[in-house]
Structures are given as structure tokens and as C-alpha cells.
Amino acid sequence: MMEATVLPMVEGWLGSLWPTIKPVWPLIWTLLKIVVIIVPLLLSIAYMTFAERKVLAWMHVRIGPNRVGPWGLLQPIADGLKLIFKEVLFPTAADKKLFILGPIMAFAPALAIWAVIPFSSGLVLADIDAGVLYLLAMGSVGVYGIIIAGWASNSKYPFFGAMRASAQMISYEVSMGLALITVLMVSSSLNLSEIVNAQGKGMFAGMGAGFLSWNWLSLLPMFGVYLISGVAETNRAPFDVVEGESEIVAGHMVEYSGMAFALFFLAEYANMILMSAMTSIFFLGGWLSPVGFLPDGFFWMAMKMSSILFFFLWIRATFPRYRYDQLMRLGWKVFVPLTLVWILVVGVWMMSPLTIWK
Amino acid sequence: MEFKTTLFYIFSAVTVLAALRVITARNPVHAALFLVLAFFNVSGLWLLLQAEFLALALIMVYVGAVMVLFLFVVMMLDINIERVRQGFWKNLPLGGLVGLLMVGEMAVVLSGRYFGLANLPPQNLPANYSNTKALARVLFTDYAYPFEVASVILLVGIVVAVMLTLRQRKVTKAMHPADQVAVKSKDRMRLVKMAPEVDLPSVEAKQGEQA
Chain A
1 MMEATVLPMV EGWLGSLWPT IKPVWPLIWT LLKIVVIIVP LLLSIAYMTF
51 AERKVLAWMH VRIGPNRVGP WGLLQPIADG LKLIFKEVLF PTAADKKLFI
101 LGPIMAFAPA LAIWAVIPFS SGLVLADIDA GVLYLLAMGS VGVYGIIIAG
151 WASNSKYPFF GAMRASAQMI SYEVSMGLAL ITVLMVSSSL NLSEIVNAQG
201 KGMFAGMGAG FLSWNWLSLL PMFGVYLISG VAETNRAPFD VVEGESEIVA
251 GHMVEYSGMA FALFFLAEYA NMILMSAMTS IFFLGGWLSP VGFLPDGFFW
301 MAMKMSSILF FFLWIRATFP RYRYDQLMRL GWKVFVPLTL VWILVVGVWM
351 MSPLTIWK
Chain B
359 MEFKTTLFYI FSAVTVLAAL RVITARNPVH AALFLVLAFF NVSGLWLLLQ
409 AEFLALALIM VYVGAVMVLF LFVVMMLDIN IERVRQGFWK NLPLGGLVGL
459 LMVGEMAVVL SGRYFGLANL PPQNLPANYS NTKALARVLF TDYAYPFEVA
509 SVILLVGIVV AVMLTLRQRK VTKAMHPADQ VAVKSKDRMR LVKMAPEVDL
559 PSVEAKQGEQ A
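Sequence order for the protein chains is A and B.
352 is the number that this note's numbering gives to position 352 of the first sequence; each next residue is one higher, with no gaps.
Add 358 to the 1-based position in the second sequence for this note's numbering, that's all there is to it.
It should be emphasised that the hints constitute simulated quantities derived from the structure, not laboratory data.
From a predicted model like this one, the values you see are computed outputs, not experimental measurements.
Treat the hints loosely; a few may be bogus.
[Stated by the list, open to error] Derived DSSO-like pairs (lysine-lysine); straight-line CA-CA distance at most 27 Å: (1) B:LYS531 - A:LYS156; (2) A:LYS22 - A:LYS33; (3) B:LYS531 - A:LYS333; (4) B:LYS491 - B:LYS362; (5) B:LYS544 - A:LYS333; (6) A:LYS156 - A:LYS86; (7) A:LYS333 - B:LYS528; (8) A:LYS156 - A:LYS96; (9) B:LYS531 - B:LYS542; (10) A:LYS96 - A:LYS86; (11) B:LYS491 - A:LYS201; (12) B:LYS544 - B:LYS531; (13) A:LYS97 - A:LYS82; (14) A:LYS82 - A:LYS96; (15) A:LYS97 - A:LYS86; (16) A:LYS201 - A:LYS358; (17) A:LYS333 - B:LYS542; (18) B:LYS362 - A:LYS22; (19) A:LYS33 - B:LYS362; (20) A:LYS97 - A:LYS156; (21) A:LYS358 - B:LYS491.
Construct the complete structure from the given sequences, taking the supplied hints into account.
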């Protein structure tokens, strides 16, 4: 759609150079699209850290960062500059190659997943049929960053962090995947755009109250399971035992400094934003408008993502950290059985005459 | 050369190198990570063969779950590399024989031109062909019964693994999260509302004492 309008412009602009550029044009075009996704994403990550500090401060009846720039708006840039100019220290006994690989493996999957996220109708980098599978596959790779970092540091607390992370993230991937199965069942597709479009149909959507036909209502318990598992999967409070500062200082990040340390944070915030995008696509109707008289569009997706991100910050300010054994109990003994039963319930519902998915 | 062919050679070269490093790396953790790299590249090869479900399932299952647990175990073991390498020359003939046997079998499988595999119909699939759907259709219709049997066997495996490790020692002071979560404030503390027990001595009695 966009390419058709841009291509003649580029051709005219390059003139005689065009024949040499033409074979690599698809590559250039894809790279441009990647930049258009990554740059706003990195900016949102930077301002997510700012929003987190501000929101937490307001919830604590504090002011929060307000010194750098107007209302403290330049704070994330100042933080970034500081971290870039700091030295990356290597512990003497560390495994140097893996020590560097750790933060890269944490950050890269968090960015790679964005390739299949649709932002609006047709606005997606790779509209692949196995989008959900890709999401789950790439999401499961993210844990390697933490494990490698924890082991390569050759130190006790990072190692504990790595052990906790691998156990926690694998456990909650199970309940997340099982919750997603119900979504796949009702939308009968692995393509993310089709999953969103499937939510725009139904009785309520016909009446102009589209927000009632989204998956969150019809699959309500699974929406809760997915959201909570998402918090656990991104290692955010109250499930941040991976880096719990009162127990293991900062887990896998203890030995890191400078930009290597910052990469873990970038990955965490990228994962948070990703989780909010995924929740809004799977359960909150993606870019669909909640009411019939307003047009669909990216605005709604952004609003939904922001609300979920606020939810992430809100629970961080509200709940104390879970104890580790209770965390595992919640994942395996509460969520997994609940999702398994609910898959059966949804299956029976879909096959019964009362089905709302046709 | 077509772009796909280039990709194929890159993926296969990295796969072979990574697989070699799996058996030559001195550190078991490095070996496990090289195995992860090999899995990634094999998944890339499968993507080239338009088997996207298998490719992504490989990453999800093997890279995302199996190898993480593998690393989990390998990292906690204190493996003495010298002792592992001790019987190398003694075991080499047997190992070499098994290796040769596997190479022979692979050759039989891969030299399809001799055995008529090249006569299979060409795979010209439309762009919107979903092999996830195709696989699911076959699994849940034609092969529904073997599929269910396989899943029951897996379930038995899970149950047995849990049973083998489930032992309760009498002396343990482990916490029971289920009991802890189920606790209500009522069980811990009882608020009793009652009148003061000691009556103030009445005025007349006091006067009587003084008298």
C-alpha cells in the first residue's frame, strides 16, 4: 500500500541510479520499515522508564524526576547518556564471550518479535500465517539472555537469578501458551491480523458495542490468566523474584555495568510494551474501535497498550513481591489446571448450539 | 545462484560447525549453547523447505524449553572435564563404528536419486498454504487415534517422573503454600467481645469496711 506511493518517488529521485538500486530495493524497503518500527519503540522504551518513575512517584505521593528539562522530560536521555559513558566492567573470573552475549540475547528477541505485530489493518512488517507460533518461539528465546548472563558472571547472586528466571519463565510460558490456545480456537487462525478481525464480528459488534465482542469478555478467565502470566513472564513486580533486590541484589544484572546493564532494562521494557501489544491483540481487539460510530485505527491500539502498561506500573506500586514457592504454585497448580479446564469448556461451548463463534 | 541457495549454504555451514563444536567444546555449557545454535540453523533450513510449523515448533520446544532445562542442569553440575575425557581412546573404535553406521544410514536416506525419491511430485505450494492447518487436519482426523495414544504415553511419562521424585521425609520442615494461602485471619486470632470481668466494689461495701 505504502510501497506503491513511495516507489515512483524514489525512482524519479534517483533517476539514472535506479537500475543499480533495483535488485536490492526490497532489502532497503524492509530495512526502512524496520527503522520505522524500532525507532518509535526505543523512544517508547525510554519514556516508559520515565513514566514508570513518575507514576510510581505519584502513587507514593512524591514528585518524581523533575530536574532535567521541563517537568523532567529529558531524564531518560540523561540516564541513557550516563550509561553510555560508563565503563563495562568484566569480572576477572567471568566467561567473557558469554558475558557479552548475555545482554545481546536478552535484547535481540525482544526486538525481533515486533516483526509480526500488526499495528493497524495491514500495517505489519511480516504478515505471516504462523504469527502466534513465531511470537511464542521468539518469546521463549528471551530467557537465554538471563541464563547466559547469570552463568557467565561466575558469581553467586547472578546464578541464583538465572536459576529463578529459567524456572519462572518456562512455567509461565506454559500457562500463557495454554491461555492462547483458547484464543486460537475461537479465531481459528494463527495470523495475528485475522485474530483481531475475528474479534470485530459478533452480536455486540453488530449492535455498535464492539468492545463487548472482543475476546476479553467471552474468554474472561483466560484474559486474567494471560495478563498475570504476562507480568510474570516479563519478570515485573510483584513477580520480580528474578532480580529481587531484597534477596539476591539484582539477580543476573549484579555484575553488569554501563550499557550492558542498560540493555537488560531495555529488554525488560521492550518486553513489557510487547506484552501489552500482545494482550491488546489477543483479548482487547487490537486496533478495533470500541464503539461502532468511531473509526478503527492505530489510536485505539495505542490507547489499549497504554492502559495495560499503566496496569503494569499500578500493580508494581500496589502489591508486595510474591514468595518464590507461592509464585510457582500459582503458575503450576492454579493457572495450568484452570486453563486446561477452560480449553475444554470453550471446546464444548463452540460445539454446542449456544456457540457465539461461527 | 539463487538467494535461497545462498541461505541454505549459510545455514548448513553454521549447523555443521555448531554441531562439531558441541562435541569438541571443552566446557559443557558452551557445548549446550552450540547445540542451541545448531537448532536455530536447522530451523532456518526447515523454513527454507516451507515447513514453518516444524521450524517454529523446533525453536519453541527444543530451544525454548528442553535446552533451557538442559542448561539449568549442566550449569549446576561441577563436571570434571579431565575425567570425562579419560576413556577416549578406549571407546573410540566402538564410537567410530556407530558413527560410520549412522553415516551409512544417512547416505541411504539422502541419496534419494538412487532410490526413486526424486520421482516424488514437486512441492509447488500456494503462498497462502498453511502447513499448520494441513498438519492439524491429518493429525486430528486420519491419525487421531495414534496421536491420542502418543499423548497418553507422554502423560504417563510425566506422572512417572513426578512419582519417582516425590518422596516425603518425615523430618522436613518444608512449608505448605496451599495451607498458607488458605489461612484466614479468623483461624489465627479470635476477637472476643465481653464485658469487663471485675466489678467495681460498690460504694456501700466500701463504707461498710470503713465503719
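Status of each hint after checking the structure:
Between LYS531 of chain B and LYS156 of chain A the alpha-carbon distance is near 25 Å, which keeps this suggested pair within the 27 Å criterion. Distance check on the hinted pair: LYS22 of chain A and LYS33 of chain A sit about 17 Å apart at the alpha-carbon level, within 27 Å; holds. About 21 Å separates the Cα atoms of LYS531 of chain B and LYS333 of chain A, which keeps this hinted pair within 27 Å; it holds. Of the supplied pair hints, the one linking LYS491 of chain B and LYS362 of chain B holds, its CA atoms being roughly 25 Å apart against a limit of 27 Å.
At roughly 25 Å between alpha-carbon atoms, LYS544 of chain B and LYS333 of chain A fall within 27 Å of each other, so this suggested pair holds. Note on LYS156 of chain A and LYS86 of chain A: the hinted pairing holds, with a Cα-Cα distance of about 24 Å set against a maximum of 27 Å. Between the alpha carbons of LYS333 of chain A and LYS528 of chain B the distance comes to roughly 23 Å, so the proposed pair stays at or under 27 Å and holds. Among the hinted pairs, LYS156 of chain A with LYS96 of chain A is consistent with the structure: their alpha-carbon atoms are about 17 Å apart, no more than 27 Å.
This hinted pair checks out: LYS531 of chain B and LYS542 of chain B have alpha carbons roughly 22 Å apart, not beyond 27 Å. Among the hinted pairs, LYS96 of chain A with LYS86 of chain A is consistent with the structure: their alpha-carbon atoms are about 18 Å apart, no more than 27 Å. Restraint check for LYS491 of chain B and LYS201 of chain A: satisfied, since their Cα atoms lie roughly 22 Å apart, inside the 27 Å limit. Only pairs whose Cα atoms come within 27 Å are accepted, and LYS544 of chain B paired with LYS531 of chain B is accepted, the gap being roughly 24 Å.
Restraint check: the Cα-Cα separation between LYS97 of chain A and LYS82 of chain A comes to about 24 Å, which is no more than 27 Å; the hinted pair holds. Taking the CA atoms of LYS82 of chain A and LYS96 of chain A, the gap is about 23 Å. The hint holds against a cut of 27 Å. About 20 Å separates the Cα atoms of LYS97 of chain A and LYS86 of chain A, which keeps this hinted pair within 27 Å; it holds. Of the pairs offered as hints, the one joining LYS201 of chain A and LYS358 of chain A holds, with about 10 Å between alpha carbons and a cut-off of 27 Å not exceeded.
Of the supplied pair hints, the one linking LYS333 of chain A and LYS542 of chain B holds, its CA atoms being roughly 20 Å apart against a limit of 27 Å. Note on LYS362 of chain B and LYS22 of chain A: the hinted pairing holds, with a Cα-Cα distance of about 19 Å set against a maximum of 27 Å. With a C-alpha separation of about 22 Å, the suggested pair LYS33 of chain A and LYS362 of chain B falls inside the 27 Å cut-off, and the hint holds. Using a Cα cut-off of 27 Å, the hinted pair LYS97 of chain A and LYS156 of chain A holds, with the two alpha carbons roughly 19 Å apart.
Between the alpha carbons of LYS358 of chain A and LYS491 of chain B the distance comes to roughly 18 Å, so the proposed pair stays at or under 27 Å and holds.
Hint check: no violations occur; every hint is consistent with the structure.
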